[in-house]
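Sequences are here, hints too, so could you generate the full structure?
Heads up: the sequence lines are chains A and B, in that order.
Converting from the first sequence to our numbering requires adding 2 to each position, the first position being numbered 1.
Converting from the second sequence to our numbering requires adding 38 to each position, the first position being numbered 1.
If you're looking for bench data, these hints aren't it; they were derived computationally from the structure.
Each hint should be verified, as a subset may be incorrect.
[What the hints assert, rightly or not] Partner residues are not named here, just some residues of chain B that face chain A (Cβ under 8 angstroms, in silico):
1. V103
2. L106
3. M121
4. F125
5. L220
6. S249
7. V256
8. F263
9. L285
10. P288
11. Y297
12. V304
All C-beta atoms, glycine included, are put in the ideal place defined by N, C-alpha and C.
The primary structure of each chain is shown beneath.
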Amino acid sequence: MDRAFADRRRRELIIAACLAALAALAPLVVKDVYVQNIMVLTLMYAALSQSWNILSGYCGQISLGHALYFGLGAYSTALLFTKFGMLPWFGMLGGGIISALIAMALGYPCFRLRGHYFVIATIVIAETALLLFQNWDWAGAALGIDIPVRRDSWLTFQFTRSKLPYFYFALALAAVAWFVTWWLEDSKWGFWWRAVKDNPDAAESLGVVVFNSKMGAAAVSAFLVAVGGGFYAQFVSYIDPESVMGFQFSLLMALPAVVGGIGTLWGPILGAVILIPLTELTRSFIGGSGRGVDLIVYGSLIVLISLARPQGLVGLFARRRTGAGA
Amino acid sequence: MGLLYGLIAVGLALIFGLMDVVNFAHGEFLMIAMYATFFLFAYFALDPLLSAPLVAAALFVFGAVAYLLIVRFAVRAKANAGMVQIFSTFGLAIVMRGLAQFFFTPDYRSVTHSWLGGKTVSVAGIFLPEPQLMGAAVSILAFGALYFFINRTDFGRALEATREDAGAVALVGIDKNRVFALGWGLGAALVGLAGAIMAIFFYVYPDVGASFALIAYVTVALGGFGSVFGAFAGGIIVGLVEATTALILPPSLKSVGIYAVYLLVVFIRPRGLFGSI
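This is the structure:
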């Protein structure tokens with residue numbers, strides 16, 4: 003590996019560490035619970051979008067059914083906790099493993115599909131799971147599950163008095179997702195994925211095991227998203243099929259990466275930092291009328307950004323940097 | 039019902055076949071068509087059957103404008119073309135849903151009576167609701183007209199040619215943008231027609247499109263992208279599968295059958311039944 007590249011990799015790691023440290027200090031300054039809530043959601047979406055980006059951005063297999071894995075994570079956590087009294091930590095880990103296995107089982111037939119056929123298959127599978135959960139009485143059917151409140155502790159992963167523990171967990175999750183992406187980007191897998199994305203046939207002929215590398219991307223991506231789902235279940239302490247497994251959620255998860263720049267290391271974070279506070283603020287300031295003004299603003303924004311900067315907002319920074327260096 | 043699904047899907051397939059773009063706002067096009075039918079009924083007491091051509095014409099304009107304002111730019115994107123198309127049309131869908139909520143409120147509305155509403159006819163001992171029958175008839179007519187249009191008129195030939203090779207077509211002096219805009223208009227007009235008929239027997243509300251859009255995508259993909267005939271055949275299959283599933287499973291699960299058939303078909307034949315790519 004040449005020197006400049008290694009330097010850049012190290013610099014990225016240092017920048018990320020500094021950003022994480024800054025973010026960790028943020029709650030000391032920001033005491034407002036409402037703002038802290040938005041910060042938790044921003045970090046959560048950054049983590050989810052980063053994970054989605056591994057399969058869809060780097061490997062080029064556009065999934066619009068990732069809500070399935072999020073929902074599985076949320077449901078395993080909630081069900082293990084309410085039905086068997088198992089700590090949420092097991093739920094998150096178990097949900098992650100289940101999701102990774104299911105992602106691989108679904109990948110087996112789905113990765114033969116290309117283009118829109120693949121995209122629609124991912125939507126349809128998630129939608130089928132949604133319908134099944136809505137009709138599954140043991141799992142609360144369409145009404146969902148209320149997670150009972152126990153005492154606040156890291157063991158039960160419940161904190162009623164302060165948002166801070168959730169904030170730090172979400173920060174850790176986003177950092178892990180970022181680090182995994184950073185690490186994979188420069189691994190054999192990362193190169194394979196980009197090759198598969200650019201031209202699967204050429205990649206195959208050059209000895210890239212296309213199928214296995216897609217499977218790997220799907221498993222990592224699904225695992226991380228499911229852990230996010232488990233976290234979300236504990237954070238809001240109420241889940242129902244539509245809110246954790248609906249098609250909307252698959253799109254919401256993909257949006258930060260699309261806005262920031264898909265297939266890039268910083269895209270999902272940048273996208274989440276811009277989009278999530280904006281969504282939450284428009285919703286609370288002008289959405290209160292229940293007349294859909296927030297939808298109009300949000301939708302127009304998506305149209306404008308995706309038309310004006312197809313490569314994502316990260317490109318703005320990259321161009322400036324290369325411009326200065328040249 | 040299957041024929042109506044076919045009609046909705048044909049509009050989507052036409053747009054896709056023409057320029058490889060999946061319109062994620064297709065369901066919302068259907069929604070405004072249903073609202074237009076409802077308001078023509080509520081204010082002018084116009085029967086949905088009479089307003090159908092008006093609604094189709096209005097949707098034609100709407101589709102062409104949507105192309106010129108948004109999709110034209112999305113197609114030009116060099117980076118991440120697929121995602122840009124998905125999210126620009128999806129953004130449009132959100133805006134349309136928001137606008138519908140803003141202007142029409144989230145209330146459920148329905149066309150209370152129509153010349154056909156509520157009547158049934160008995161064919162060989164089976165009672166069939168007339169609006170659905172009428173929908174089927176209109177769908178077949180519209181599909182026939184479309185078929186004639188694509189195969190027998192100059193514009194239809196331009197459409198076909200543009201779809202085969204957009205670059206070469208420009209050399210012959212055909213304005214690609216005009217053809218695409220007309221294609222979008224036509225696709226929207228078809229969904230407008232479907233919406234007018236469906237307003238007779240479905241409630242109209244801002245999110246109504248979403249529930250049909252996914253079925254439309256599945257229908258098109260089932261028939262095979264790039265094949266207008268496939269979309270129509272896909273619609274009939276989807277309608278039959280839905281009706282059969284409803285007999286076996288609880289009504290809330292009726293879509294599961296459609297999804298299962300889609301997955302089964304593409305796993306066996308990854309380009310849909312009649313698809314060429």
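- Message: Of all the hints numbered above, which does this structure not satisfy? Sort the numbers upward.
- Response: 1, 2, 5, 6 and 9
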